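The working numbering numbers the first residue of the sequence shown as 64 and each following residue consecutively.
Don't read these hints as lab results, they were simulated from the structure. Keep in mind the model is a prediction, meaning the values are calculated, not measured. C-beta atoms are modelled at their ideal positions from N, C-alpha and C, and glycine is treated no differently. A few of these clues could be false.
Have a look at the derived ranges for each label pair, beta carbon to beta carbon [what the hints assert, rightly or not]:
#1 S145 - W216: 42 to 48 Å
#2 R184 - D257: 24 to 30 Å
#3 F213 - R239: 18 to 24 Å
#4 F213 - E158: 33 to 39 Å
#5 S215 - E158: 39 to 45 Å
#6 A304 - D257: 44 to 50 Å
#7 E211 - G142: 20 to 26 Å
#8 R117 - R77: 21 to 27 Å
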Amino acid sequence: MVRRIDVSGTDGVRLAAWEFAEPPKGGKEGEQAPGVLLLHGLMGRAAHWADTARWLAARHRAFGLDQRGHGRSDKPAEGPYSREAFVGDAEAAIEQLGLAPAVLIGHSMGALTAWQLAARRPDLVRALVICDMRASALGGRSQREWEEWFESWPVPFATLADVRKWFGEDDPGLERPAPSRGEFFAEVMAERPDGWRPVFSRRQMLTARETWVHDAHWEELAQVRCPTLVLRGVDGELGRAEAQEMVRVLPRGEYAEIPDAGHLAHHDQPESWRAAVGAFLDKTLPD
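From just these sequences and the hints, can you work out the full model?
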């Protein structure tokens with residue numbers, strides 16, 4: 064079963080929330096299973112969480128959210144694509160889906176949105192999983208590198224096989240083949256008359272990224288009061304030292320890492336991902 068529920072986000076932007084499996088029945092009469100909201104990273108979509116959501120559905124009401132500019136949600140030409148807009152959208156989704164207090168599981172940009180919301184609205188968040196997102200400022204050089212990377216894409220792609228090959232093997236930024244990365248990008252392409260193109264605007268992605276790369280986010284991290292797991296792929300973008308400093312700053316932080324995984328840890332090693340998240344939720348949530 065896949066069920067779509069439309070949510071009204073900041074400024075009335077229409078957001079698509081997705082439930083990928085039947086939710087469990089509540090325990091005591093009138094009691095609902097704990098709610099979970101899954102937030103993808105930049106360029107992602109809720110469908111990237113389908114396997115995780117189905118696994119969680121044994122004990123939770125789990126929804127993936129297509130964030131503004133992504134997936135089947137609205138992509139307003141002029142945004143806004145600010146931090147305030149993304150956080151407000153997640154806040155609206157939790158309230159309108161009746162998930163509060165929710166577990167927030169975020170990857171990359173989605174993780175930043177999750178901890179910013181947890182800092183702003185602690186009443187809405189009972190636990191938090193941060194996957195491979197840095198709290199330090201990345202800086203202007205990082206943004207310029209992304210601009211150049213977007214320009215290097217050989218769009219349109221003739222076939223989905225070409226998408227998988229370029230992002231999983233031929234991208235000059237890759238140190239070694241990454242099949243899961245190829246699959247990730249195959250899921251965010253749509254067929255057009257001239258070939259396969261991304262379902263998102265690269266200009267809008269750069270605009271969204273511009274709103275966080277120049278700033279550090281340690282202060283907001285320190286304001287998160289709920290139990291929080293900082294999770295990284297060993298070969299990802301979040302280094303061990305910074306991840307452990309994030310745990311130290313968090314009032315109730317825990318640390319875990321996934322071997323043989325990169326930035327897309329939940330795609331690279333799904334069993335290890337489920338083991339780490341499951342152990343955290345078992346300790347954090349009551350039966």
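Consistency of the hints with the structure:
1. A hinted range of 42 to 48 Å is violated for the C-beta pair S145 and W216, which are about 25 Å apart.
2. Judged by the Cβ atoms, the range 24 to 30 Å given for R184 and D257 is violated: they are separated by roughly 44 Å.
3. Between F213 and R239 the beta carbon distance is about 22 Å. The supplied range of 18 to 24 Å therefore holds.
4. Against the hinted window of 33 to 39 Å, the Cβ-Cβ separation of F213 and E158 comes to about 34 Å, which satisfies the hint.
5. About 40 Å separates the C-beta atoms of S215 and E158, a value consistent with the hinted range of 39 to 45 Å.
6. Taking 44 to 50 Å as the suggested C-beta distance range, the pair A304 and D257 conforms, at roughly 46 Å.
7. For E211 and G142, the Cβ-Cβ distance of about 23 Å falls inside the hinted range of 20 to 26 Å, so the restraint holds.
8. Range check, R117 to R77: Cβ separation about 25 Å, and the 21 to 27 Å hint holds.
Hint compliance for this structure: hints 1, 2 are not met, and every other hint is.
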